[in-house]
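**Student:** Assemble the complex: chain A is given as a structure, and chain B must be docked to it using the hints.
Number of protein chains: 2
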Amino acid sequence: MARSTDEFRLIDNYFKGLTHQSQVAVGIGDDGAIIDSSASTQLVIATDTLVESVHFPASTEAEHIATRALCVNLSDMAAMGAEPKWFTLALTLPAEAAADAWLQGFSRGLAKIANQHNIALIGGDTTAGPLTISITVLGEVPKERGLVRSGAKSGDNIYVSGTLGDGAAALHSIIDKSQTLSPPSSRLIERFYCPQPQIALGIGLRDFASACIDISDGLIADLGHICKASGVSADIYSQQLPIHSELKQQFKQQSLQWATSGGDDYQLCFTVAASKEAEFEAWVATRKLVVTKIGNMGPMAHNQSPVRLDNQTISATSGGYNHFHQKS
Amino acid sequence: MARSTDEFRLIDNYFKGLTHQSQVAVGIGDDGAIIDSSASTQLVIATDTLVESVHFPASTEAEHIATRALCVNLSDMAAMGAEPKWFTLALTLPAEAAADAWLQGFSRGLAKIANQHNIALIGGDTTAGPLTISITVLGEVPKERGLVRSGAKSGDNIYVSGTLGDGAAALHSIIDKSQTLSPPSSRLIERFYCPQPQIALGIGLRDFASACIDISDGLIADLGHICKASGVSADIYSQQLPIHSELKQQFKQQSLQWATSGGDDYQLCFTVAASKEAEFEAWVATRKLVVTKIGNMGPMAHNQSPVRLDNQTISATSGGYNHFHQKS
Numbered sequence: 000m001a002r003s004t005d006e007f008r009l010i011d012n013y014f015k016g017l018t019h020q021s022q023v024a025v026g027i028g029d030d031g032a033i034i035d036s037s038a039s040t041q042l043v044i045a046t047d048t049l050v051e052s053v054h055f056p057a058s059t060e061a062e063h064i065a066t067r068a069l070c071v072n073l074s075d076m077a078a079m080g081a082e083p084k085w086f087t088l089a090l091t092l093p094a095e096a097a098a099d100a101w102l103q104g105f106s107r108g109l110a111k112i113a114n115q116h117n118i119a120l121i122g123g124d125t126t127a128g129p130l131t132i133s134i135t136v137l138g139e140v141p142k143e144r145g146l147v148r149s150g151a152k153s154g155d156n157i158y159v160s161g162t163l164g165d166g167a168a169a170l171h172s173i174i175d176k177s178q179t180l181s182p183p184s185s186r187l188i189e190r191f192y193c194p195q196p197q198i199a200l201g202i203g204l205r206d207f208a209s210a211c212i213d214i215s216d217g218l219i220a221d222l223g224h225i226c227k228a229s230g231v232s233a234d235i236y237s238q239q240l241p242i243h244s245e246l247k248q249q250f251k252q253q254s255l256q257w258a259t260s261g262g263d264d265y266q267l268c269f270t271v272a273a274s275k276e277a278e279f280e281a282w283v284a285t286r287k288l289v290v291t292k293i294g295n296m297g298p299m300a301h302n303q304s305p306v307r308l309d310n311q312t313i314s315a316t317s318g319g320y321n322h323f324h325q326k327s
Numbered sequence: 000m001a002r003s004t005d006e007f008r009l010i011d012n013y014f015k016g017l018t019h020q021s022q023v024a025v026g027i028g029d030d031g032a033i034i035d036s037s038a039s040t041q042l043v044i045a046t047d048t049l050v051e052s053v054h055f056p057a058s059t060e061a062e063h064i065a066t067r068a069l070c071v072n073l074s075d076m077a078a079m080g081a082e083p084k085w086f087t088l089a090l091t092l093p094a095e096a097a098a099d100a101w102l103q104g105f106s107r108g109l110a111k112i113a114n115q116h117n118i119a120l121i122g123g124d125t126t127a128g129p130l131t132i133s134i135t136v137l138g139e140v141p142k143e144r145g146l147v148r149s150g151a152k153s154g155d156n157i158y159v160s161g162t163l164g165d166g167a168a169a170l171h172s173i174i175d176k177s178q179t180l181s182p183p184s185s186r187l188i189e190r191f192y193c194p195q196p197q198i199a200l201g202i203g204l205r206d207f208a209s210a211c212i213d214i215s216d217g218l219i220a221d222l223g224h225i226c227k228a229s230g231v232s233a234d235i236y237s238q239q240l241p242i243h244s245e246l247k248q249q250f251k252q253q254s255l256q257w258a259t260s261g262g263d264d265y266q267l268c269f270t271v272a273a274s275k276e277a278e279f280e281a282w283v284a285t286r287k288l289v290v291t292k293i294g295n296m297g298p299m300a301h302n303q304s305p306v307r308l309d310n311q312t313i314s315a316t317s318g319g320y321n322h323f324h325q326k327s
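These protein sequences, in sequence, are chains A and B.
To convert, note that position 131 of the first sequence is 130 in numbering that gives the first Met the number 0; the numbers rise steadily by one, no gaps.
To convert, note that position 34 of the second sequence is 33 in numbering that gives the first Met the number 0; the numbers rise steadily by one, no gaps.
Chain A extracted, bound-state conformation (with noise of 0.2 Å):
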């Protein structure tokens, strides 16, 4: 998943120092790393971790936590255009949770998952503790394919993946003590617990896409981490953000909030350069991908928010969803 504010201070203050050394093409700061492993291929590498009562309510099953939980660590694969191939877990669990149906939950979940995008669990550590999921993935990128955010140019068009705001409606639905809200449909349930890794439309976009993040913190935060590794602004359009009718009719006063600063999405924000535009839109329709064009990069904007919603500036981190800040 991206990283969110809070998370980019901590890296930028305590810990950018520790990366370097060869083979390093792309370090800290990224959806994953990009390291040397042959002379024709690249490693990529994330982690991601999932805590109860943070990124999951303590009543979440077994088996929801764990596709959640490899999920939203192969959409950075995703967000690499990289192929997952492997993947490491280290589960910390307490006692209670370490009986059989919890486990054999679990594992179906993994299982469930890895089988469909054929990775292999291929190590990791469990110990007791509060229910922490900490998953590396490992996949593999053609030497310099790799997509990253830095690549965005004034003028490229900016997409996106699928619809937004599913993964906030899904969140706030399921965690509304106050029921003031509908139930989550099963649409979004599956949404929430399954969050399609978008894993070929990354591969494919190795050919067009000129930077690439996948929406975790929400849309306005993640396109602003876009805007400010590459040094440009955007301009996006409420009219033209793809949310489904679902939240539309069901959410509607907080659909378009959900969907630019929600968070929890796990689709793909990417930048095409405008000559490539019609291959790509080409490209797309012969895979039958569900992409949406919504709006263009500009000129790096000084002393202002990168990203600009209807023409209004935005702030950044008025969206994107604060790890520090529990969820339930």
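Hints may be right or wrong, so weigh each one.
Each pair may be met inside one copy or between any two copies, as identical chains are not told apart.
Derived pair list, reagent style SDA-like, types lysine to any residue, alpha-carbon separation capped at 25 Å [what the hints assert, rightly or not]:
#: 1; residue 1: Lys142; residue 2: Thr40
#: 2; residue 1: Lys111; residue 2: Thr40
#: 3; residue 1: Lys15; residue 2: Glu95
#: 4; residue 1: Lys292; residue 2: Gln248
#: 5; residue 1: Lys15; residue 2: Asp99
#: 6; residue 1: Lys111; residue 2: Gln22
#: 7; residue 1: Lys111; residue 2: Asn295
#: 8; residue 1: Lys15; residue 2: Pro93
#: 9; residue 1: Lys227; residue 2: Leu180
#: 10; residue 1: Lys152; residue 2: Ser185
#: 11; residue 1: Lys142; residue 2: Asp35
#: 12; residue 1: Lys287; residue 2: Asp206
#: 13; residue 1: Lys251; residue 2: Glu189
#: 14; residue 1: Lys251; residue 2: Thr312
#: 15; residue 1: Lys15; residue 2: Ala97
#: 16; residue 1: Lys292; residue 2: Glu60
#: 17; residue 1: Lys142; residue 2: Gln22
#: 18; residue 1: Lys111; residue 2: Asn156
Keep in mind that the hints were calculated from the coordinates and are not lab data.
Note that the structure is predicted; figures quoted are calculated from it, not measured.
**Tutor:** Frame of chain A, contents of chain B only:
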């Protein structure tokens, strides 16, 4: 670190079916996984998690937590004969720990060990939650030169590096609330928080060892893992075990128990064919490495524990640190 008995049960029951696929030379169940990354090189990957109040006392300094977390992970690289190169960090920390002083100390500890071994932090994830540090280290070995547990043969000599029992002595002294034990010496504190990963020895052992493991669960438990994976038994002798004079003097009652079953030593235990003994010991002498011959492998012992101490059968399950019994 090596895997405990409970972990093997978890892995066998729930996760072993998830490892498959081409390019995986060694999957779940050894200290690390080995995958084919190029024609001449294999990638070695190991993951370990440290949880507050399970793997270290709640009052531990941030710098100490970081050095220990990275050292125990690097110990897996040593056990595989790998040269460590990169690592990712999944850091889950409570709001009160996310303060400058704590993060500065943690970062300083990571940098100290990373610089010693010339490895680079390439990515990771920071989340809010109970203090948990999960590190994945990646290293390289020349193709098919990695050390595994399964190659020991009857008649091979058994060696260990360094001294045994220090980890347990340190841990017991540090968490000794009744203060019946002497406070830990600076040597023991160093051994606990900076257990020096035996990287140079591991790399050298590519030429000599038939099997190798790092001692995290205790000598008998970890040597038992070699026996199980190799289909052999082991005879070791208490008079030959390398125990530091400090332990023999200050912890006379406990030192043998700690050396055989205490865990947390992060020394290597390995086997060398008798035909290579002279060449190996000559090599050790030139490198000023400290290794001690402690016994020899024998034929598989049916229906009994595979490790004998002074000709007595010892239950492997009586030794070995069980992660599901909290230490503090």
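**Student:** All the hints need checking, so say for each whether the structure fits it.
**Tutor:** A quick look at each hint next to the structure:
| no. | hint | verdict |
| --- | --- | --- |
| 1 | Lys142 to Thr40 | both (5 Å within a copy, 17 Å between copies) |
| 2 | Lys111 to Thr40 | neither (28 Å within a copy, 31 Å between copies) |
| 3 | Lys15 to Glu95 | between (38 Å within a copy, 22 Å between copies) |
| 4 | Lys292 to Gln248 | within (22 Å within a copy, 74 Å between copies) |
| 5 | Lys15 to Asp99 | between (41 Å within a copy, 15 Å between copies) |
| 6 | Lys111 to Gln22 | between (34 Å within a copy, 21 Å between copies) |
| 7 | Lys111 to Asn295 | neither (37 Å within a copy, 45 Å between copies) |
| 8 | Lys15 to Pro93 | between (33 Å within a copy, 21 Å between copies) |
| 9 | Lys227 to Leu180 | neither (36 Å within a copy, 56 Å between copies) |
| 10 | Lys152 to Ser185 | neither (39 Å within a copy, 56 Å between copies) |
| 11 | Lys142 to Asp35 | both (8 Å within a copy, 16 Å between copies) |
| 12 | Lys287 to Asp206 | within (17 Å within a copy, 54 Å between copies) |
| 13 | Lys251 to Glu189 | within (21 Å within a copy, 60 Å between copies) |
| 14 | Lys251 to Thr312 | within (23 Å within a copy, 71 Å between copies) |
| 15 | Lys15 to Ala97 | between (36 Å within a copy, 17 Å between copies) |
| 16 | Lys292 to Glu60 | neither (36 Å within a copy, 50 Å between copies) |
| 17 | Lys142 to Gln22 | both (12 Å within a copy, 18 Å between copies) |
| 18 | Lys111 to Asn156 | neither (35 Å within a copy, 45 Å between copies) |
Against the hints set out earlier in the document, violations occur for numbers 2, 7, 9, 10, 16 and 18.
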